[in-house]
Amino acid sequence: QKEVEQNSGPLSVPEGAIASLNCTYSDRGSQSFFWYRQYSGKSPELIMSIYSNGDKEDGRFTAQLNKASQYVSLLIRDSQPSDSATYLCAVENSGGSNYKLTFGKGTLLTVNP
Amino acid sequence: DAGITQSPRHKVTETGTPVTLRCHQTENHRYMYWYRQDPGHGLRLIHYSYGVKDTDKGEVSDGYSVSRSKTEDFLLTLESATSSQTSVYFCASHGTVSTDTQYFGPGTRLTVL
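Quick mapping for you: the protein sequence lines, in order, are chains A and B. To convert, note that position 88 of the first sequence is 88 in our numbering; the numbers rise steadily by one, no gaps. To convert, note that position 48 of the second sequence is 48 in our numbering; the numbers rise steadily by one, no gaps.
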C-alpha cells in the first residue's frame with residue numbers, strides 16, 4: 001500500500017509570512033510529485049510539479065524534493081488570504097504506466113489578514 | 001485547464017437504487033480516473049481507465065463499476081447505492097506526456113439516504 005503523509009494541520013500563518021507544507025511518501029521508486037490546491041467546495045487544481053531533487057520555483061511558490069529522504073515540501077512566500085485552502089500532496093505510483101497518483105489527506109492552510 | 005465536465009453536479013438518491021455518474025473530457029486524453037473524497041480520507045481512487053474499454057480497479061472499487069465506450073466519456077455506476085457511498089466524486093484525466101498530470105472535473109456531490 002503506497003502511502004503519502006502530510007502534516008494534518010490546520011496551519012495558520014499571518015499575511016506576508018512564509019507557509020511551509022510538508023509531505024513524505026513510501027514509494028521509493030516514485031519519480032513525479034505534485035502539489036494541488038483545493039478551495040472549499042471546489043476541485044483540486046495543480047499548482048506545482050517537481051521531478052528532480054532540489055528546488056523548483058514558480059512565483060511565490062517553491063517546491064522542494066529530496067528523494068533519498070522521500071520528502072517533498074511546498075513553501076509559499078508572502079502568503080495572501082487568497083492562499084487559504086487545502087493543499088494536497090500527490091505522488092505518482094512507480095511500476096506502471098497508467099499515471100496513477102496517491103494523494104495525501106491534505107493540509108488546511110489559513111492566512112490571516 | 002483540461003475541459004472536463006461531470007454530470008450531474010448534485011444528486012440525492014435512496015439506498016438500493018442504481019446511480020450513474022458521467023465524466024466527459026474534450027482533451028482526447030487517454031487516461032481517466034474516478035475518485036471519491038471524504039473527510040479524514042482524502043482523495044481515493046475508485047477505478048481508472050487507460051483506453052477505450054480498458055479499465056482497472058483502484059483502492060476502493062467495491063460497489064462500483066465503470067465503463068468507457070468512447071475516449072471522451074467515462075461512466076461510474078453504483079449498482080445499488082448505500083449510505084457509505086455518500087461522498088463527493090471527482091473525475092480526472094491525463095494525457096500521454098509523461099510530464100503531464102491529472103486535471104480534475106468540478107465534482108459531483110452524491111447523497112444516499
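Honestly, the hints are just simulated from the structure, not real lab data. Hints are not guaranteed to be accurate.
In silico BS3-like links for lysine-lysine, alpha-carbon gap of 25 Å or less [said to hold, decoys possible]:
#1 B:K53 with A:K42
#2 B:K53 with B:K70
#3 B:K70 with B:K57
#4 B:K57 with A:K105
#5 A:K105 with A:K56
#6 A:K2 with B:K70
#7 A:K105 with A:K42
#8 A:K2 with A:K67
#9 B:K57 with B:K11
Have a look at the derived ranges for each label pair, beta carbon to beta carbon [to be verified]:
#10 B:T5 with A:G95: 27 to 37 Å
#11 A:G96 with B:E27: 31 to 41 Å
#12 B:H41 with A:G54: 30 to 40 Å
#13 A:E3 with B:D54: 43 to 53 Å
#14 A:S12 with B:V52: 38 to 48 Å
#15 B:S65 with A:G9: 30 to 40 Å
#16 A:Y51 with B:H41: 39 to 49 Å
#17 A:E5 with B:R109: 37 to 47 Å
Over 10 Å on every C-beta distance to chain B, these chain A residues come out as not near it, computed from the model [stated by the list, open to error]:
#18 P14
#19 F34
#20 K42
#21 D55
#22 R60
#23 N66
#24 L75
#25 R77
#26 D83
This structure is a prediction, so every number in the text was calculated from the model and none was measured. Ideal Cβ placement from N, Cα and C applies to all residues, glycine included.
A:P14 clear of chain B by more than 10 Å, beta carbon to beta carbon?
27 Å, holds
Take the C-alpha atoms of A:K105 and A:K56, compute the straight-line distance between them, and say whether it is at most 25 Å.
23 Å, holds
Can we confirm that no CB of chain B comes within 10 Å of the CB of A:L75?
20 Å, holds
Minimum Cβ-Cβ distance from A:R60 to chain B exceeds 10 Å:
Consistent with the label, A:R60 stays out of reach of chain B, its closest Cβ about 20 Å off (over 10 Å).
So if I understand the rule, the pair passes when the alpha-carbon distance is 25 Å or less; does B:K70 with B:K57 pass?
19 Å, holds
Would the pair B:K53 and B:K70 pass a check requiring their Cα atoms to be no farther apart than 25 Å?
Holds: B:K53 and B:K70 sit about 8 Å apart, inside 25 Å.
Outcome of range test on Cβ distance (A:Y51, B:H41; 39 to 49 Å)
27 Å, violated
State, for the Cβ atoms of A:S12 and B:V52, whether the hinted interval 38 to 48 Å holds or is violated.
47 Å, holds
Over 10 Å from every CB of chain B: does A:D55 meet that, or does the non-interface label fail?
18 Å, holds
Decide if the proposed pair is consistent with the structure: A:K2 and A:K67, CA atoms, cutoff 25 Å inclusive.
Since the Cα atoms of A:K2 and A:K67 sit roughly 15 Å apart, the hinted pair holds (cutoff 25 Å).
Minimum Cβ distance from A:K42 to chain B greater than 10 Å, as the annotation requires:
8 Å, violated
Holds or violated: A:K105 to A:K42, with C-alpha atoms at most 25 Å apart:
16 Å, holds
Hint check: violations occur at hints 1, 6, 11, 13, 16, 17, 19 and 20; the rest are consistent with the structure.
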